[in-house]
Each structure stands twice: as structure tokens, then as C-alpha cells.
Amino acid sequence: MHSVNDEFWSSQVRRILESYDETLLRQVATRLCRPRNHWPNEELIDRCLDTIGNAAMLDRRLKDQEVGAQNLLALIGQSRQFLWNVGNLVEMAVALGTLDGLKAVRDLLEAGLLFPKFGSFEESPARPLSPGRGRLKNFDVWLGQATPPAAFVHPAVARRAMSRPIPWPVPLRHEEKRDLAVLEADGLEWPLRLAVVWQMAASMPFRRTQQGDFFKRDLERLQNNSALTGISSDIPTSAPDLGLAAVSLGLALGFLREHEGEVLPGEFRMASTVTANTSATSSPKDKSPADADGLAATLAGLWAALPRVLDWNVVRGWQPGAMLGNPHPSAQLLALALLAALPERHWTKPEAVEDWLVRRHPYWSAAKDRTPVVSAPEGEGPAGRGKRGAAKQHPNAEPGAGISAFLLGIAYPLRLLQAARAANGEYWVRLSPMGRWLLGRDAKPPAAVSFPQTLLVQPNLEILAYRQGLTPELIARLSRFASWKTLGAACTLQLEPASVYRALQSGESLTSITQALERHGLKALPETVLEALRTWSNKRERIAVYSAAALFEFPGPAELNEALARGLPAVKLTDRLAIVPSEDGIDYRHYRLTGTRDYCLPPERCIEVADDGVTLTVDLARSDLLLETELQGLGEWVNAAPSPGRRSYRLTPESLAAARGNGWSLGNLEEWFSQRTGMPLSAAAKMLFTAATSPAVVLHRQLVLHLDNAELADGLVQWPPTRDLVQARLGPTALTVAEDDVAELTKRCLQIGVELRPAM
Amino acid sequence: MGRTFLFAQTKPAKPGKQECLPHGLDDVNPTRIPVKLHHRVCLIQTEDAILAEEVLANRRIAQDVVGRIADSVLLVRPGRVEAVVQELQKMGHTPQVLG
Numbered sequence: 003m004h005s006v007n008d009e010f011w012s013s014q015v016r017r018i019l020e021s022y023d024e025t026l027l028r029q030v031a032t033r034l035c036r037p038r039n040h041w042p043n044e045e046l047i048d049r050c051l052d053t054i055g056n057a058a059m060l061d062r063r064l065k066d067q068e069v070g071a072q073n074l075l076a077l078i079g080q081s082r083q084f085l086w087n088v089g090n091l092v093e094m095a096v097a098l099g100t101l102d103g104l105k106a107v108r109d110l111l112e113a114g115l116l117f118p119k120f121g122s123f124e125e126s127p128a129r130p131l132s133p134g135r136g137r138l139k140n141f142d143v144w145l146g147q148a149t150p151p152a153a154f155v156h157p158a159v160a161r162r163a164m165s166r167p168i169p170w171p172v173p174l175r176h177e178e179k180r181d182l183a184v185l186e187a188d189g190l191e192w193p194l195r196l197a198v199v200w201q202m203a204a205s206m207p208f209r210r211t212q213q214g215d216f217f218k219r220d221l222e223r224l225q226n227n228s229a230l231t232g233i234s235s236d237i238p239t240s241a242p243d244l245g246l247a248a249v250s251l252g253l254a255l256g257f258l259r260e261h262e263g264e265v266l267p268g269e270f271r272m273a274s275t276v277t278a279n280t281s282a283t284s285s286p287k288d289k290s291p292a293d294a295d296g297l298a299a300t301l302a303g304l305w306a307a308l309p310r311v312l313d314w315n316v317v318r319g320w321q322p323g324a325m326l327g328n329p330h331p332s333a334q335l336l337a338l339a340l341l342a343a344l345p346e347r348h349w350t351k352p353e354a355v356e357d358w359l360v361r362r363h364p365y366w367s368a369a370k371d372r373t374p375v376v377s378a379p380e381g382e383g384p385a386g387r388g389k390r391g392a393a394k395q396h397p398n399a400e401p402g403a404g405i406s407a408f409l410l411g412i413a414y415p416l417r418l419l420q421a422a423r424a425a426n427g428e429y430w431v432r433l434s435p436m437g438r439w440l441l442g443r444d445a446k447p448p449a450a451v452s453f454p455q456t457l458l459v460q461p462n463l464e465i466l467a468y469r470q471g472l473t474p475e476l477i478a479r480l481s482r483f484a485s486w487k488t489l490g491a492a493c494t495l496q497l498e499p500a501s502v503y504r505a506l507q508s509g510e511s512l513t514s515i516t517q518a519l520e521r522h523g524l525k526a527l528p529e530t531v532l533e534a535l536r537t538w539s540n541k542r543e544r545i546a547v548y549s550a551a552a553l554f555e556f557p558g559p560a561e562l563n564e565a566l567a568r569g570l571p572a573v574k575l576t577d578r579l580a581i582v583p584s585e586d587g588i589d590y591r592h593y594r595l596t597g598t599r600d601y602c603l604p605p606e607r608c609i610e611v612a613d614d615g616v617t618l619t620v621d622l623a624r625s626d627l628l629l630e631t632e633l634q635g636l637g638e639w640v641n642a643a644p645s646p647g648r649r650s651y652r653l654t655p656e657s658l659a660a661a662r663g664n665g666w667s668l669g670n671l672e673e674w675f676s677q678r679t680g681m682p683l684s685a686a687a688k689m690l691f692t693a694a695t696s697p698a699v700v701l702h703r704q705l706v707l708h709l710d711n712a713e714l715a716d717g718l719v720q721w722p723p724t725r726d727l728v729q730a731r732l733g734p735t736a737l738t739v740a741e742d743d744v745a746e747l748t749k750r751c752l753q754i755g756v757e758l759r760p761a762m
Numbered sequence: 010m011g012r013t014f015l016f017a018q019t020k021p022a023k024p025g026k027q028e029c030l031p032h033g034l035d036d037v038n039p040t041r042i043p044v045k046l047h048h049r050v051c052l053i054q055t056e057d058a059i060l061a062e063e064v065l066a067n068r069r070i071a072q073d074v075v076g077r078i079a080d081s082v083l084l085v086r087p088g089r090v091e092a093v094v095q096e097l098q099k100m101g102h103t104p105q106v107l108g
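Taken in order, these protein sequences are the chains called P and Y.
Numbering of the first sequence is given in the numbering used here, commencing with residue 3 and proceeding in unit increments.
Numbering of the second sequence is given in the numbering used here, commencing with residue 10 and proceeding in unit increments.
Hint data in this document are derived by calculation from the structure and do not stem from the laboratory.
A portion of the hints provided could be inaccurate.
Here are the in silico distance ranges between beta carbons for each label pair [claimed, not checked]:
#1 7/P / 43/Y: 53 to 61 Å
#2 665/P / 43/Y: 32 to 40 Å
#3 673/P / 43/Y: 17 to 25 Å
#4 43/Y / 524/P: 26 to 34 Å
#5 43/Y / 487/P: 29 to 37 Å
#6 43/Y / 613/P: 55 to 63 Å
#7 43/Y / 41/P: 56 to 64 Å
#8 730/P / 43/Y: 54 to 62 Å
#9 656/P / 43/Y: 54 to 62 Å
These figures come from a predicted structure and were not determined experimentally.
Cβ coordinates follow ideal geometry from the N, Cα and C atoms, glycine included.
Turn these sequences into a full structure, and let the hints guide you.
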């Protein structure tokens with residue numbers, strides 16, 4: 003959900019004004035703040051924002067507007083949603099009697115009271131558009147763009163506009179009835195449903211197809227979950243695909259978020275994410291979020307999020323990707339605004355509201371114009387028009403506006419309405435005190451009744467939550483550590499290892515969970531429940547997984563202890579290593595970094611090999627954690643460091659045998675040697691690694707014939723009479739001869755004049 | 010990340026060129042502790058060595074463990090933390106994921 007924080011919207015207004023072409027900016031500024039001098043652009047933008055923040059000046063500017071534009075702003079104020087699709091704004095203006103709805107929107111844009119939305123609010127709230135993307139020169143170009151244009155109003159403007167009553171062209175038929183039994187929901191139906199859908203997303207994200215729909219498995223999960231789709235018996239009517247509606251609403255509120263085609267759980271904080279700061283009768287400074295209790299604030303957030311539910315509507319249910327021409331947000335707001343215009347305590351029929359809208363809302367009235375329908379008297383619903391009118395509906399038109407279903411199936415459970423059932427079975431509706439406050443008719447929301455003790459925790463780990471004591475804060479709290487099983491007058495939850503683990507992971511502790519259960523419990527916590535919570539919590543303490551931590555490697559234990567004494571928020575791993583989950587809390591002034599390494603980067607060459615082929619010297623500034631562990635498994639640490647910042651290891655037969663036993667292969671070793679030293683595996687290392695598995699070496703005696711020169715050796719090896727008597731050539735001037743052949747070789751050499759003498 | 014790179018100085022600065030030091034930090038604490046910093050480290054710390062052995066006995070986890078820097082501290086292959094956590098959960102553990 004978009005923030006209702008004024009500063010956020012001011013930053014958006016500034017960003018949009020900065021993206022206007024200078025001519026357009028001056029035109030808008032002339033209408034909004036009426037500068038008397040030729041101010042620079044920045045100054046103009048500041049003055050525009052000052053005007054928006056000045057209630058008196060704003061009232062004057064609003065009075066300058068035509069009635070249609072004023073009505074539009076008042077409706078936006080009543081919706082508490084400051085971002086609207088332009089199509090819906092046009093529909094509302096036309097429904098209120100403006101002939102050219104688009105002109106009303108354009109007038110507001112030109113007057114600086116409505117602003118076009120560019121890009122995403124979430125991406126960069128205060129970043130102006132880059133010059134390369136072009137500046138906005140006129141609003142017609144923007145309105146004609148391919149994507150459905152959306153525009154927003156600054157909350158300060160909406161608040162001031164809301165204080166003026168809307169002159170409805172044709173008022174709604176209403177009656178004061180005293181003999182009706184008034185029904186009013188507790189407003190918790192949708193917060194509970196959101197809690198269920200949030201937990202479902204937490205247990206397994208919902209996956210979306212490229213068309214925006216959900217995959218079959220997730221669709222079935224959402225359609226078949228009884229807690230999501232069931233409704234309380236006191237709610238007059240239901241709506242289709244309530245589980246999917248909850249997903250849409252959750253996304254609009256920010257309880258759920260989309261990431262790479264998956265719907266994931268977002269932050270689930272009911273009362274603190276929504277604020278209730280608008281009122282028709284008070285200035286913005288009069289109220290703060292604290293003025294509304296948790297339920298009122300939550301319902302205000304839900305009401306504000308309804309127009310942003312675009313994938314679902316009350317008539318057809320789940321409509322993924324149906325972004326264009328969705329008339330329901332405007333129709334729903336108009337319906338509630340119509341009820342807000344009724345005198346207090348006066349009732350009307352839902353069908354009358356629907357009929358009013360079907361006649362005047364351009365989406366349905368245009369469809370009616372295309373197909374002749376039998377006209378019905380004012381206040382008589384579509385049902386009263388008889389079969390003939392219903393049968394001739396335009397084929398593309400929806401079966402109905404769904405306003406009756408919206409009022410009784412959505413607005414009533416949201417506690418926006420009171421309902422009453424007449425003797426003939428017909429329902430009558432009017433705004434509830436909560437609804438009157440939300441639509442700016444009352445200054446304060448109804449006081450909340452508090453029953454803090456509402457939970458019954460049973461030994462079988464089931465929690466019974468009595469509805470009258472539930473609050474949005476408690477729903478959010480319980481959702482963190484217990485799974486919702488059934489919703490009803492008494493809801494049931496289950497404490498499970500997975501739910502408790504999720505709570506512990508999100509920052510809860512054993513103490514906070516037990517405190518919450520004890521504080522809201524009707525009875526003391528059963529010992530079995532405490533024991534289960536304790537077990538699950540202790541189990542979690544046994545293994546810690548650091549996903550991207552900072553590991554400090556000290557030269558020795560003394561330095562590590564000194565760092566801990568100076569407040570390093572670390573967990574000691576060994577006498578030299580300590581780990582810090584997050585670098586945010588580290589005061590780097592205490593440290594001199596001798597090296598930094600990114601664990602995720604590929605291995606670096608940081609080892610020198612000595613001539614002996616087995617002594618490896620590590621450059622500690624470039625080495626990484628993996629290397630340290632690898633070397634500990636491959637070699638033995640040599641005590642005498644060759645120089646500061648270096649450490650030596652020696653490959654020994656024992657260490658390499660151990661490495662082989664730990665799963666190292668010759669291929670691994672060769673690859674590691676190449677990565678770490680940039681050289682092939684040394685012969686000595688290879689010998690040490692493979693010697694144990696090599697075949698036995700044969701040792702035997704041989705006579706070596708040493709000659710004076712290589713030419714003579716070549717001759718003896720080549721001449722046939724002597725060639726057969728030479729066993730092998732050891733070098734340029736050394737030949738081996740078998741002992742038995744010595745006499746024969748001596749004889750043949752004498753024939754050519756070479757004398758062989760045994761060495762003395 | 011960017012901040013810590015300011016501290017990385019493994020080579021002496023060239024003559025006439027100012028060293029890449031954090032602003033005025035040398036003056037603040039002359040007895041700074043030498044330390045080597047490893048960023049984005051993925052590891053598992055268990056309560057004791059026996060539990061570490063139990064974890065390592067899982068073939069899938071063992072494939073993602075690239076080293077053991079202490080009896081109860083196992084280094085995890087970069088980018089495989091989520092898979093390791095899921096496997097630990099399948100084993101019935103409830104690891105706390107930090108950082």
C-alpha cells in the first residue's frame with residue numbers, strides 16, 4: 003500500500019514537477035501558487051509545495067475549480083487512496099454529472115492539484131526522471147500513452163477537498179426506519195483472511211504464470227482453503243474467489259509481495275502499517291495515527307487498498323491481468339460516497355444504490371444505451387426491471403454492477419456498513435459509525451472495546467481465540483507463531499514446530515511468545531505447551547547458519563580477545579576466528595585490515611612453491627578461508643614464518659596420505675595446485691601423493707661403462723657387434739653392461755683398439 | 010562492501026601519493042588491531058562436534074560443505090546456503106539463519 007505519509011507524497015510531487023518541461027511547469031505553477039516574479043524552476047517547485055501545505059491558499063485554489071473537479075477531489079479524499087487510474091476518475095466525474103469527465107481530470111492536472119504518475123513509487127521515491135527519458139510537455143501526450151495512466155493527489159489537497167459536501171445530481175432514495183434490528187460486523191473478517199493467506203504464502207509461495215494467473219496447484223490451494231473461502235454466518239452474502247481476493251488485497255496492502263513470478267509474504271503488521279489521519283472536520287495536524295485504534299487504522303488501510311485491487315472484482319471474481327477498463331473501484335467508492343451523503347440513521351436498499359450507479363456510471367449506462375432495456379423507477383433495482391431488461395443486456399456487459407454484493411459481501415464485513423433485515427427478507431443498509439468516520443462524516447472512529455484475555459491455550463497445542471477479544475494487532479501477533487485452522491465466532495490456531503520456528507526466525511523469542519500467550523490467555527499456559535515451545539526453541543539454538551557474514555581472522559588469540567573486549571559484536575569460532583552476522587554494528591576504527599577477501603569470489607593464486615616442491619608459502623593478504631582449510635588438510639604448518647604476512651606449510655607423506663584418505667584425488671590435487679600456485683603439481687608432491695599406490699620398484703646390480711667422449715659411446719651403441727652387448731645408455735658417456743657380457747665386450751673392443759679396464 | 014574496501018591496503022602507497030585510509034582513523038586509535046576480513050562468508054556452526062558430524066553425514070549437505078574450520082564450524086559452498094537450510098529442515102533441525 004502506498005504511504006499516507008505527507009512527506010512521501012510531497013517528495014513524489016517534487017519528483018513529478020521536476021520532470022515537467024519548463025513551459026508546463028510554469029503553466030502549472032501559475033495556476034497553483036501564482037508567482038509574481040520569474041522565479042527559477044527550483045524556487046517554483048518549492049512554492050508549489052508550500053501552497054499545497056498551506057490550507058488557506060489551498061481552499062482558494064479549490065474554490066477556483068469547477069464543481070466536477072471539486073467533486074472528484076472530494077471523492078478521492080473519501081477513498082483515502084491517493085493514487086487512481088485516470089479511467090476511474092473520468093467514470094466518477096461522469097457519474098457525478100460532469101459531461102466531460104476527462105476535462106475535469108485535465109483541469110486538475112493543469113491546476114497542480116492532480117499529478118501524473120511516472121515509474122514506480124517504490125523504486126526511487128525521490129528520484130526525478132532522467133533527462134534522457136524526456137520531459138513532459140503536455141498532459142494530452144501522457145493521457146494518450148499505451149499503459150493505463152494513473153494520477154495521484156497530495157493527501158493535503160484531498161483532505162481539504164473532502165471538507166466540502168458533494169452535491170449529488172440525483173440523491174438516493176432513503177428512509178428513516180426505527181423498527182429494524184441493526185447488524186454490524188466486527189471488521190475482523192478480512193484481517194483474519196489476510197492472516198491466513200499470509201501464512202499460506204509463508205509456508206509455500208504462490209507461483210504466477212506469465213499471464214498473471216496462478217499455477218493450478220496454487221489456484222487450488224487458494225480456492226479450496228475453507229478458512230479463506232468460508233464466511234461467517236452473520237454476513238448476508240458472499241463474493242466469488244475470496245481467497246484470491248485476499249491475495250490481491252494483501253498485495254495492495256504490502257502484506258504480500260511479488261518477486262520473480264512468486265507471491266511471497268511481506269511484512270505483516272496490521273495496525274502499524276495503516277494510519278488514520280484524514281477527517282473532514284479537522285486539519286491534518288489535528289490527527290495522528292495514534293488517534294485511531296488498531297482496528298480503525300486497519301480498516302482505514304483496507305478501505306484505501308480496495309481501489310488498488312485490480313485482479314479481482316465482486317461480480318466475476320478472479321480476473322488476472324484484467325487491468326483495463328475495470329469500473330469496480332470507481333463504482334465501489336461512489337456507492338459508499340452515496341451512502342455517506344444520506345442523513346444519519348437513514349437507511350436505503352443495496353439495490354437502490356446499484357440502480358443509481360447502473361443508470362449513471364458510464365460503464366454500465368453506456369452498455370444500457372447500446373441495448374434497450376426496460377426503464378425502472380428510481381430506486382428499484384435491476385431485479386425489479388424484470389426478465390425482459392435482464393435478457394437484453396449487452397453481451398460484453400457484466401451481469402450487473404455487483405454493488406449489492408459489494409455492499410453486503412465486502413463493505414459489511416469491513417464494518418463500513420450497518421445492515422438490517424426487514425420482515426419481508428430485504429436488506430437495508432447505511433454507513434456504520436466506522437464507515438462514517440472513514441468517509442469523513444464523523445471526526446472520530448467509534449471507541450474500541452477491549453477484552454485482552456481472549457485465548458484458551460489447550461494442552462494439545464491448539465489455541466481457541468474468541469473473536470470478541472481479537473484485535474488486528476493480536477491477529478498479526480498470533481499469525482507469527484501459530485497457524486490459523488478455522489475462522490468463526492471462535493477461531494482455532496495450532497502451535498506447530500514450523501510456525502514457532504518461523505516466529506523465532508522473524509525475531510520472536512521463547513519469552514515473547516509465552517508472554518503473548520499468557521497476556522491474552524484465559525488460563526495459565528499448560529506445562530506441555532511450555533515444554534514444547536522450550537524444546538523447539540532450544541532445538542533452534544543448536545545450529546546457526548550464517549548466510550553472508552563477516553569473518554574476522556586475527557593473528558592470534560590475544561588480538562581476538564582484545565577485539566571482543568573493545569565491543570566487537572562477534573561470535574568466537576576458534577581462538578583466531580570470530581564471526582559477525584552483520585557488518586552494520588562494527589566499529590572499524592579499532593582495526594587495521596591486513597587484507598580483505600570476498601568469500602564468494604573464485605580462488606586466487608596466492609601460494610609460492612619452494613625448490614623442494616613440497617614447501618608452500620602462502621601470501622596471507624591474498625589467501626582466503628577455503629585455502630586455510632584446504633592447507634590444513636594437505637600439509638603441515640611450518641612454525642618458522644619466512645617473512646611477515648606469510649605462512650608456510652610442508653607437504654609430507656603423512657599429510658598427503660591423510661588428504662587421500664579424506665577424499666582428495668590426484669586430479670583434485672593437480673587442479674588445486676594449478677589454481678593456487680599457477681604451476682603444475684610438483685614432482686615431489688606427486689610422488690608423495692601417488693607413491694603409496696605405485697607398483698613395487700625393482701633394485702638390481704649393473705656395471706657402468708664410463709667412456710671418454712660421447713662419440714665413442716654413440717659408436718658402441720650403433721656398431722652391431724657391440725650394440726647387442728650394451729643394455730642401456732644412462733647418459734652421454736655412460737652405458738650399462740651385464741656382468742656376463744663384460745668378457746665378450748672387452749674382446750670386441752680390443753678388435754677396434756679400445757681397451758676396457760675395470761675401475762680400481 | 011564499498012566502505013570496507015577503503016581499508017584494504019596490502020601494498021605501500023607510491024611516493025607522493027596519499028594512502029587510502031579512512032578519514033582520520035589513524036589519529037583516532039593508534040593501537041588498531043590487525044585483522045583480516047572475509048566478507049560474505051557462508052558457514053554452519055553447530056552446538057558441538059557430534060552434531061557437526063551428524064550434519065556431515067547427510068550426503069547432500071556434505072556436497073555443499075567445502076571445509077571445516079573448527080570441530081563445530083563447517084564452511085558452506087557460496088550460494089548454497091538456502092539448499093543447506095532446506096536440507097537441515099528436512100533432517101528435522103530448525104537452524105537459525107543469521108546474516
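To see whether the hints hold, each was checked on the structure:
1. 7/P / 43/Y: 53 to 61 Å: Violated: the Cβ-Cβ distance is about 46 Å, outside 53 to 61 Å.
2. 665/P / 43/Y: 32 to 40 Å: holds, 34 Å
3. 673/P / 43/Y: 17 to 25 Å: Between residue 673/P and residue 43/Y, where Cβ atoms are some 32 Å apart, the hint is violated.
4. 43/Y / 524/P: 26 to 34 Å: Because 60 Å falls outside the window, the suggested range is violated.
5. 43/Y / 487/P: 29 to 37 Å: Violated - the Cβ-Cβ distance for residue 43/Y and residue 487/P, about 57 Å, lies outside 29 to 37 Å.
6. 43/Y / 613/P: 55 to 63 Å: violated, 31 Å
7. 43/Y / 41/P: 56 to 64 Å: holds, 57 Å
8. 730/P / 43/Y: 54 to 62 Å: holds, 59 Å
9. 656/P / 43/Y: 54 to 62 Å: violated, 32 Å
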